[in-house]
Each structure stands twice: as C-alpha cells, then as structure tokens.
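Colleague: Each chain, written out:
Protein chains: 2
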Amino acid sequence: MAVRGKVAVGVNGYGTIGRRVAWAAGLQPDMELVGVVKTKPDYAAAQAMSAGIPVYVPGEAEAERFRKAGLEVSGTIRDLLREVDVIVDATPDGVGATYSKLYREAGVKAIFQGGEEASVAQVSFSALCNYDEAVGKDSARVVSCNTTGLLRSICAINSAVGVRAVNAFLVRRAADMHEVKRGPINSVVLNPPRVPSHHAGDVRTVLPWLDITTAAVVVPTTLMHVHYVTMKLKGNASREEVLDALRSSPRVLVVSASKSGVEGTSQIIDAARHIRPRGDVPELVVFEESVLSKGDEVSFIQAVHQESIVVPENVDAIRALTGLSDGEQSVKLTNYALGIGKLPGLSL
Amino acid sequence: MAVRGKVAVGVNGYGTIGRRVAWAAGLQPDMELVGVVKTKPDYAAAQAMSAGIPVYVPGEAEAERFRKAGLEVSGTIRDLLREVDVIVDATPDGVGATYSKLYREAGVKAIFQGGEEASVAQVSFSALCNYDEAVGKDSARVVSCNTTGLLRSICAINSAVGVRAVNAFLVRRAADMHEVKRGPINSVVLNPPRVPSHHAGDVRTVLPWLDITTAAVVVPTTLMHVHYVTMKLKGNASREEVLDALRSSPRVLVVSASKSGVEGTSQIIDAARHIRPRGDVPELVVFEESVLSKGDEVSFIQAVHQESIVVPENVDAIRALTGLSDGEQSVKLTNYALGIGKLPGLSL
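Residue numbers (the working numbering), protein chains in the order written: chain A, 1 to 348; chain B, 1 to 348.
Where hints are given, some of them may not hold.
Which copy is meant is left open, so a pair is good if it fits within one copy or across any two.
Listed next, the in silico SDA-like pairs over lysine to any residue satisfying Cα-Cα at most 25 Å (straight line) [stated by the list, open to error]:
hint	residue 1	residue 2
1	Lys40	Arg78
2	Lys294	Asp211
3	Lys259	Arg194
4	Lys294	Arg194
5	Lys232	Asp296
6	Lys259	Pro192
7	Lys259	Asn186
8	Lys259	Pro196
9	Lys294	Gly235
10	Lys232	Ala245
11	Lys294	His198
12	Lys342	Arg194
13	Lys332	Pro250
14	Lys181	Ala271
15	Lys232	Glu297
16	Lys232	Asn158
Keep in mind the hints are simulated off the structure, nothing from the lab.
I would like the entire structure built from these sequences, with the hints used as guidance.
Modeller: Shown next as structure tokens:
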C-alpha cells in the first residue's frame with residue numbers, strides 16, 4: 001500500500017530499463033516503489049529479492065517456476081496493480097501493448113517505452129520537449145533511447161536559437177551486455193536497410209512540426225549509440241551560441257576531448273564506472289570539438305547511453321501523469337536524486 | 001629489364017596496398033611487374049617469391065636478414081630503380097616522402113599513396129575526377145581509400161547533375177586483417193576528435209572548388225568503411241537521376257538490399273569472397289534503398305573496401321604519368337583486367 005503523500009509505482013519488466021527505473025523511482029522523495037513484475041527466476045529476479053524489492057509474476061504458472069527455483073513471489077501482476085498509482089511498463093518491444101487493457105481496467109496510469117507503437121499511449125514523451133502535454137494524462141510513452149537523445153539536443157538548440165530541419169545519421173550499438181545472441185560482430189549493417197529510418201517519425205511524435213531525416217547503421221559495440229547531427233537553424237548562430245544552448249540543458253554533457261582526453265564512447269563509460277551506479281550516463285554527451293557552425297547550419301557528434309538515457313524521462317513521466325509537479329521542478333528533482341548533470345572529469 | 005612496349009613497374013612496400021598493386025600491374029596487358037621491395041622476410045615476402053615475383057630490399061642489412069631466413073633477394077631498391085619506368089610507393093604513411101629524393105635521382109616516375117602529404121607529388125589523383133591533370137607528370141599521389149570513395153560518388157553525381165556542397169560522416173573500420181595491434185574493440189572513437197576531419201581537405205586536393213565538410217569515427221570492424229553522404233546539388237534532381245548517375249559510373253556498384261539481401265558490409269565481402277581474388281571490392285558500393293532525394297539535396301550510404309579501392313587508381317596513375325593512354329581508355333583497360341564493374345549477385 002502506498003506511503004501517505006507518495007505516488008505508488010510498480011514496474012512491469014525487469015530488464016535493461018525496468019531494473020534502472022525501479023531503482024530510480026525508489027530514490028525519489030515523492031515516490032514509493034511497491035514492486036516489480038518478472039517472468040523468469042533468473043539472476044535479475046534474485047538480485048531484486050535480495051535488495052528487498054517485492055517481486056510479482058504475470059500468473060500462477062510463473063509463480064510455480066519461481067517456487068521451484070526456491071524464490072517466493074509477492075503475488076501476480078493483478079495484485080500489484082491494486083497497490084499502485086502508476087505502472088511503468090518495461091516489457092520487451094511490442095509486449096507493452098498487450099498489457100494496456102489490463103492497466104486501464106485496473107484504473108492505473110501507465111507509462112510505456114519507445115519499443116511500443118505511439119498509439120499505445122495518449123502522448124509520446126520527452127521531459128525537456130513536451131512535459132506539459134503529459135500532465136494529467138492516463139498514459140504516456142517515453143520515446144526510445146535514440147529518439148530521446150535526438151530530442152535532447154534538438155529541444156535545447158531549438159529553445160535557444162530555433163531549429164528548422166535536422167539530418168541525423170545514427171551509429172547504433174549492436175547489443176546490451178546481457179543480450180548474448182545479438183550481432184553483428186564484424187559488420188556495419190544498415191538498420192533498417194532503407195532511408196529514412198523510423199527515428200525521424202519517432203521524433204515527430206513529440207515535435208510534429210519538425211523537418212527531419214534519419215538514417216542508421218548498427219556496428220559491433222555494446223556501450224553507446226553515436227549520432228552525427230546536422231541542423232538547419234532559423235537564423236545564423238555562432239558555434240559558441242550552440243555550445244551555450246547545449247551546456248545550459250540540464251541533461252546534456254558537453255565533453256571536451258582536449259581537456260578530458262575523452263575521444264570515444266568507451267572512455268565516457270569508463271569514467272562513469274568509477275562514479276555512477278552501473279556506469280550509467282543518462283545525460284546526452286556532445287563532443288565539444290565536433291561542434292561546427294557554418295552560417296545557419298550546425299553539425300556535431302553526440303553519444304547516447306542506450307541503457308540509461310530514458311530512465312530520468314520515465315521518472316519525470318510519473319510526475320507528469322500524476323500531476324506531482326511541473327516540468328522544471330520534476331527535472332530538477334530527478335536530476336538531484338540520480339546525480340544527473342555533472343560527471344566529474346567529463347563536465348569541466 | 002622492361003619487356004618491349006610495356007611500362008616497367010616496381011612496387012616499394014608489400015603490405016595491404018603494395019601486394020594488390022603488384023598483382024594488378026602484373027595483370028595489365030601494357031605493364032610488366034619487375035619486382036617489389038620488402039623490408040622483412042615474413043609470410044608476404046615468402047608468398048611473393050613463391051609466386052615468382054623478384055623481391056628487392058632497401059639495403060644490405062635487410063638482404064642479410066632475408067638470407068638468414070633462407071630467402072634470396074634480387075638486389076636492393078637501387079637495383080630495382082634502374083630497371084623500372086615507374087615506382088609505386090606503398091610504404092607506410094609518411095615513409096614514402098623519405099624515398100621521393102631517391103626516386104627523383106633515379107629518374108623514375110613515382111606514385112605515392114594517400115598517407116603522404118599532398119606536397120609529396122605534383123598532383124593528387126582520382127582516375128574519374130582528374131586523370132588528365134596527371135598526364136605526363138613525374139609524380140602523383142593516389143588519395144586515400146576514404147577520399148577515393150568520396151570522390152567516386154561526388155564526381156559521378158557532379159558530372160550528371162552538378163554538386164555544390166558535401167557533408168559526409170565517415171564510419172571507419174578499425175584495422176585491416178594483418179594489423180593485430182590496432183583498436184578499438186569496443187568503442188566508437190572520434191577520429192580525429194574534432195570536426196572537420198582531414199578528409200575534406202584531402203578531397204579538395206583533387207576538387208579545390210568544392211564546399212565540403214567531413215567528420216569521422218572509427219568502429220570495431222575490419223571489413224569496410226561506411227559513409228553517410230549528404231550533397232547539395234546545383235539544382236533539383238530526382239532520386240532516379242542520382243541513381244542513374246551512380247549506376248553509370250564504371251567504378252560504382254549500386255546494391256539493392258531488397259533484391260540481393262545485402263544489408264551490411266560483411267555480406268558485400270562474403271559475396272566477393274566467392275568470386276574475387278582476396279574478396280576484394282575495388283568498386284564504391286552505394287546502398288540503393290538509402291538514396292533519398294529532397295529538392296536540391298540528396299543523401300545516401302556508401303561502403304568503401306579500404307584494402308582495394310585505390311588499386312585500380314594506382315594502375316590508372318601509372319598510365320597517366322607515362323602517357324600510355326587517355327583516362328577513359330585506362331579505366332576500361334584496368335576494369336577489364338581486374339574484373340571491376342560487375343559483381344554477380346550484387347550488381348543486378
């Protein structure tokens with residue numbers, strides 16, 4: 001049962017995103033993590049239980065599997081839904097949609113991930129672009145990691161100098177650490193093998209007015225996505241104006257290779273591993289010396305930690321749906337609770 | 001001694017490029033491969049000897065090393081230079097410049113690679129862009145693999161519809177197969193960690209009038225470079241006009257993912273391995289479904305086989321310097337001798 005004055009949160013799915021969102025919600029002063037839903041009694045389930053997080057299962061069959069593995073669950077998802085105000089759905093791509101009826105019938109507000117179709121929720125969400133549109137809604141979809149990364153820089157620069165059009169090339173990581181069957185291991189693969197990729201349309205679920213083209217390849221690396229972004233601005237802007245806009249954003253880190261020695265994604269993650277839980281970097285990282293301005297056009301290279309960039313957005317979406325606070329306040333609270341905004345050694 | 005009526009060719013350096021250029025020159029009806037220069041008695045040296053190619057060394061010290069390894073060399077580089085009309089320098093980056101005086105003093109025309117400064121030679125060279133500028137010169141520098149790739153598509157599209165400006169993002173392979181100490185193995189590294197990269201300036205050594213920006217990262221793969229190219233054209237052009245321009249180029253392969261099933265670099269090389277010596281793909285590969293046109297702007301994804309794309313350019317440079325034939329004829333001869341232009345299964 002929810003603690004008085006706190007929003008009661010459940011998380012369905014306990015993989016890359018679910019584990020992080022459960023952890024992050026549990027750290028917010030205005031939220032209480034009631035429990036998580038897990039389908040298999042694997043190492044992640046055992047870790048949740050040993051951390052004192054109540055674990056629920058989809059149904060009786062899974063409860064029996066857990067029992068056989070020596071793990072006692074706290075009930076089924078229906079039990080959890082009776083205890084929470086908001087459920088964050090972090091199930092695999094496309095599975096979230098199959099749960100939406102259940103969430104609605106339970107009268108629980110629902111947050112979905114970017115792997116679902118936009119139609120799964122009333123609004124697609126990116127905290128620094130359209131927080132207000134989600135306030136009071138029953139459901140929101142946090143856009144995917146790549147889309148969140150694109151929206152971070154687009155909205156930061158758009159607020160400061162105005163953006164007319166975007167052309168972005170995405171160099172995607174092949175797999176997360178636990179995904180042992182994904183590739184490629186020695187190929188650069190068009191993903192998808194046609195242009196534009198779906199990311200342009202996904203950005204437009206949040207910024208419908210934007211002229212944007214995206215293309216993507218996937219490469220043999222696990223750590224971060226990398227984007228080459230070219231923007232046509234509403235007027236001329238100097239390199240410093242663009243850098244100021246990015247530096248002013250509460251979820252962008254501008255990293256200087258010459259000052260920090262960081263020239264690639266593995267160095268970002270290595271620095272984070274010494275300071276941040278799991279080595280997460282929920283900020284969008286922009287490489288300072290890559291920023292090039294030319295009249296009304298600016299281009300730069302940015303990196304997206306695919307495992308964690310949407311985590312603060314999920315936390316903010318909980319506040320938006322439940323009306324806990326306004327956008328500026330929510331971003332501040334989330335950043336403070338998660339230590340986002342400064343990464344010693346990188347943000348100089 | 002040169003065979004009557006054939007240009008006598010030597011190759012200094014027998015690594016990634018040298019081995020291929022030696023092979024390619026030996027296949028031309030109007031050229032004779034006199035010998036190659038090698039510094040170490042390794043597997044490549046043994047393979048050259050077993051293929052009947054005379055192997056020379058820089059000096060007496062190396063000759064002694066070869067003797068100790070049981071390999072008898074044909075002489076030193078000074079001996080080779082007395083026998084050839086043209087030397088192709090395929091030594092490591094920057095080493096070529098240290099040989100240029102020797103070549104000049106021997107009265108031998110010299111071809112350098114893109115790892116040298118442009119000032120090493122009288123002209124920077126790309127066969128389908130500026131063959132005529134190299135005719136009769138004493139030295140030429142074949143631009144690097146990435147620059148050659150960029151120039152292939154730029155010059156093809158420029159001839160057909162006119163190019164005003166180019167913005168290209170290069171996703172570079174980390175190492176060739178024999179380079180066992182190069183990385184990264186799990187990182188996307190800005191290479192260089194600032195924009196623009198040197199490739200823009202290198203393209204301008206051949207097309208000084210072009211407005212071009214380039215940025216580059218290196219990724220953990222060995223097979224091919226991949227470029228995302230956006231061009232501002234001199235006027236509007238349809239997707240089909242651009243595709244026709246690319247298809248008409250004798251050294252571009254337009255590959256359809258939907259027709260061939262090829263979606264990435266490893267599939268290109270796998271197809272080539274069944275048909276081509278060493279699995280080489282000296283053509284620039286453009287992914288058909290990546291070509292997107294929008295008014296006077298066109299973008300597409302292309303792949304560059306870094307080990308072989310400059311090989312036909314070196315052969316053509318030999319003909320240009322020695323005045324053996326005009327550009328069109330040389331490209332035809334080279335393509336015919338090397339089987340360039342069609343790759344069954346890919347060029348449909």
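Colleague: State whether the alpha carbon distance between lysine 259 and proline 196 is at most 25 Å within one copy, between copies, both, or neither.
Modeller: The answer is between: 18 Å across copies meets 25 Å, while 36 Å in one copy does not.
Colleague: Given identical chains, is lysine 259 near arginine 194, meaning Cα to Cα at most 25 Å, within a copy, between copies, both, or neither?
Modeller: between (38 Å within a copy, 13 Å between copies)
Colleague: Is it within, between, both or neither when you check lysine 232 against asparagine 158 at 25 Å Cα-Cα?
Modeller: both (10 Å within a copy, 23 Å between copies)
Colleague: From the Cα coordinates, with 25 Å as the cut-off, is the pair lysine 232 and alanine 245 best called within, between, both, or neither?
Modeller: within (15 Å within a copy, 27 Å between copies)
Colleague: First find the shortest C-alpha distance between lysine 294 and histidine 198 inside one copy, then the shortest across copies, and answer within, between, both or neither for a cut-off of 25 Å.
Modeller: between (28 Å within a copy, 17 Å between copies)
Colleague: Reference check for the pair lysine 259 and asparagine 186, CA-CA at most 25 Å: within, between, both, or neither?
Modeller: For lysine 259 and asparagine 186, only the inter-copy Cα distance (23 Å) is at most 25 Å; the intra-copy one is 32 Å.
Colleague: With identical chains treated as interchangeable, where does the CA-CA distance between lysine 294 and glycine 235 reach 25 Å or less: within a copy, between copies, both, or neither?
Modeller: both (11 Å within a copy, 21 Å between copies)
Colleague: I want to check one pair: lysine 342 and arginine 194. Are their C-alpha atoms no more than 25 Å apart within a copy, between two copies, both, or neither?
Modeller: between (37 Å within a copy, 22 Å between copies)
Colleague: When no copy is named, should lysine 232 and aspartate 296 be tagged within, between, both, or neither for a Cα gap of at most 25 Å?
Modeller: both (6 Å within a copy, 15 Å between copies)
Colleague: How would you label the pair lysine 294, arginine 194 (within, between, both, or neither) given a Cα cut-off of 25 Å?
Modeller: Classified as between; 15 Å across copies, 29 Å inside a copy.
Colleague: 25 Å Cα cut-off: does lysine 40 pair with arginine 78 within a copy, between copies, both or neither?
Modeller: Result: close within a single copy only, 17 Å intra versus 72 Å inter.
Colleague: I want to check one pair: lysine 259 and proline 192. Are their C-alpha atoms no more than 25 Å apart within a copy, between two copies, both, or neither?
Modeller: between (36 Å within a copy, 15 Å between copies)
Comparing the model with each earlier hint shows no violations; every hint is respected.
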